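Whole structure, please, built from the sequences with the hints as guidance.
Sequences listed follow chains L and B, in order. Using this note's numbering, read the first sequence as starting at 1 and increasing by one per residue. Using this note's numbering, read the second sequence as starting at 1001 and increasing by one per residue.
Worth flagging that the hints you see were computed from the coordinates, not collected in a lab. Here the structure is a predicted model, which is why all the values come from computation and not from measurement. Each residue gets a CB set at the ideal place from its N, CA and C atoms; glycine is no exception. Hints may be right or wrong, so weigh each one.
[Said to hold, decoys possible] Taking CB as the label site, the calculated pair distances span:
1. L:T470 <-> B:E1127: 46 to 54 Å
2. L:A25 <-> B:S1083: 51 to 59 Å
3. L:P76 <-> B:R1421: 52 to 60 Å
4. L:A430 <-> B:T1150: 37 to 45 Å
Protein chains: 2
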Amino acid sequence: MPEGSIHTHELAASKCLPSLSDAVAATGLKDGATISFHHHLRNGDAVINTVVNMLAEAGLRDLHLAVTSLFPVHAPLVEHIRSGVIGRISASFISGPVGEAISRGALAEPVTLRSHGGRARAIDTGEMPIDVAFVAAPAADELGNLSGRTGRAPCGTLGYPMVDVERAAHVVAVTDTLVPFPAQPIDIPQNKVDFVAVIPSIGDPGGIASGATNPATDALSLGIARNTAAVIAASGLLEDGFAFQTGAGGISLATAAAVGREMRARGIVGSFACGGITGFHVEMLEAGLFRALMDVQCFDLAAVASYSRNANHMAMSAAAYAGPHIGGAVVDRLSAVVLGAAEVDLDFNVNVTTRAGGVLIGGSGGHADAAQGARLTLITTRLTAAGFPKIVPHVTTLTTPGRSVDVVVTEAGLAINPARRDLSDRLAKAGLPILTIEDLAAKAQAAATKSVPPRVQGRIVAHSEYRDGTIIDDIHCVDEV
Amino acid sequence: MPEGSIHTHELAASKCLPSLSDAVAATGLKDGATISFHHHLRNGDAVINTVVNMLAEAGLRDLHLAVTSLFPVHAPLVEHIRSGVIGRISASFISGPVGEAISRGALAEPVTLRSHGGRARAIDTGEMPIDVAFVAAPAADELGNLSGRTGRAPCGTLGYPMVDVERAAHVVAVTDTLVPFPAQPIDIPQNKVDFVAVIPSIGDPGGIASGATNPATDALSLGIARNTAAVIAASGLLEDGFAFQTGAGGISLATAAAVGREMRARGIVGSFACGGITGFHVEMLEAGLFRALMDVQCFDLAAVASYSRNANHMAMSAAAYAGPHIGGAVVDRLSAVVLGAAEVDLDFNVNVTTRAGGVLIGGSGGHADAAQGARLTLITTRLTAAGFPKIVPHVTTLTTPGRSVDVVVTEAGLAINPARRDLSDRLAKAGLPILTIEDLAAKAQAAATKSVPPRVQGRIVAHSEYRDGTIIDDIHCVDEV
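So this is what it looks like as structure tokens:
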């Protein structure tokens, strides 16, 4: 209803426009504009492809795609990159065909890769202004209240777009489930949303759980998990108020299981677990091992269900989770974090951005954020992958600096960052299999069947930004097209 | 933790400063600055007095006090007005000694009175920049997560400061209950708060329920309530999806009770009830009469408890509730609202700002917002109060324009705004006691024992702003000091 209008005695004008293209037209989107998207639907997302297809049909060019993450499902974007509809990309994680295409030079302008916290900082500070934020909404009402907890593809919290909707010049909610006012429960409120567009499907809820969300069961993984948990147990940090983040991979969850057993044995109640949340974390909450879950993104439907029913399972925005600009983020209260690696080098630097050979396969996500914030940062990794050594002299791409990394745990033993002499003493007393990082690198080299290819020297196709916006590495073109 | 700092292996620096004055010093507050406060603790609030006392001791002058509401408990502010510590006031509602002092000319500069939605608009659009928002927080953790649902003075939702914290240059949370990280459940997240100050008491939770929050039981009130409910029943709006706002006064709640009985009899499920929420509204939610409560402010502890346990009892910000600038607020989806009046005039204009004689006793709060938004706006009032007529030729102060008012219900019958001919037909068919507004004014005049004093002509002490920022009336000095 326009300001100062007379009493209409009618329902307020709806924000729901007849079509997605009407909604886009209403925003006045132009060539070269920055459009943002979130990845809560992960490899099940249909919204990015649908919107970019529509923009391509509308003749828009040179758009800046400011996404949180891209997955294999976003393969159709490669064609829009080649045709010039997409002229620039900023992201926190890019896997699948789009990463491959970027690595092969499909985009003239280098991609900017930021951590989740770095992206929130760039948006909040105005470094990356957003013209239109498109928010995939599992349910929405006509005035733009959005719920992640209901609808046909419920994804739970909407922690990533919570940042975008506060700063974007225009916000378009894209849903396949228009519900009567008010949507409930509300995850993003109506005053943050300008337009609502209904499309046939926002995606496949089965795609949310795109990685493993069960603890590993193979002996090698369990060995790594057992040692990782033992490091935490011996670190002096496993006491009441313990705060923990793990990934959703098998080793991470097996580590969490072992830590949980130790917490139970010691009668410890942790404060919170955070990050991407799985049903496994929900079980730990419900078992009383943690007081709260801080959830930027649900990784499976068990987490979605818990978030819907349990007030101690709390949503957080990417800014609150990991922002380096807010005077203290959730990651800054972590006791311990367990993270993975594509490569670790002799300075404890970690690469989760490119695979051996330099092709873009990921990016920081929350890796650099949690690593810097946590009091104890553990990297779990096998010695080799696909025949390549994973403990190497120099990482191919720097994602997380070694100064944020305390311990690297492999199946052959663990290495402690020399800067953590205090930790060395504790872990030695606990009888853990401590080696040097050079030992691990040698073992990895011995176990490998292939050599790491030399760093490629093509033109720069992406910048790896640290949380604070400094460029800490570049990704080079592997094979110019 | 500063950006780009090295991995500290220590807990993040707390936002909790040793004292309130340290927190204020950290904001760099200067003479003439705008400081904002909310009124969720209503007549139990101790935070405004505590902060302003401290600022006075620190020697600050000419501050702009941008509050949502002031109550009798804020009487000590009068001295700070007289001494020049407070130089300007903006508010949505002012009752008690501060209103009296303003009316007698204590402030040189006119007060700006805005509706709840108008205040949110002024903040969101930058019309009223806030230097420091002080947020009374029933519980807070060291990183600034705030909970309204726990602590010693729980007030429930924090719908008003939700607006302030998004725009203020600095945000200081003031709490008497510092809890371990993370506070839970979180009502305002840590990324919106800069500093946390702990004081001995934020107030008396008994003061939250400062008005009646039970249905009236006297015959006269019940008569008005019965007729008001009958108007709603006959209006054609009482069907599935019915959305309803009432105040928390006895007549309003008795009306809600009668409407509830009718809904039950017809088997109707409403969409939502909104506004300040009481235990009475909670009973209606739990009885299945409404799908949801949209709660900008809990009016009693039963509402606080419901908000804590029921996901369908949802918080909303003042912007979402009533903002005229967001393309459709919650009030714009109201089927019917029942509001009170200090005076109603022959043009259906309503005054809830001054009492007979012109002294400031209130202000719009959400009155003008809900009246404009709702499809059916009902004003309930007795014919007289304290011997003065309440239906008068011209309101002393215009708060809500008559074009937003549909029906005025008194104990002597009801009057329908002539612009609502459709409604006249329906209500006449229902056999309701329909009079003209002139009839009601004559009856009020006959029942009154005192005459309305002539409008005072002293200098302007306050402006009454409409939702959109236009000044629709002035309040004049009643007795220069």
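Hints versus structure:
no.: 1; hint: L:T470 <-> B:E1127: 46 to 54 Å; in the structure: violated (37 Å)
no.: 2; hint: L:A25 <-> B:S1083: 51 to 59 Å; in the structure: holds (57 Å)
no.: 3; hint: L:P76 <-> B:R1421: 52 to 60 Å; in the structure: holds (57 Å)
no.: 4; hint: L:A430 <-> B:T1150: 37 to 45 Å; in the structure: holds (38 Å)
In this structure, the one hint that does not hold is number 1.
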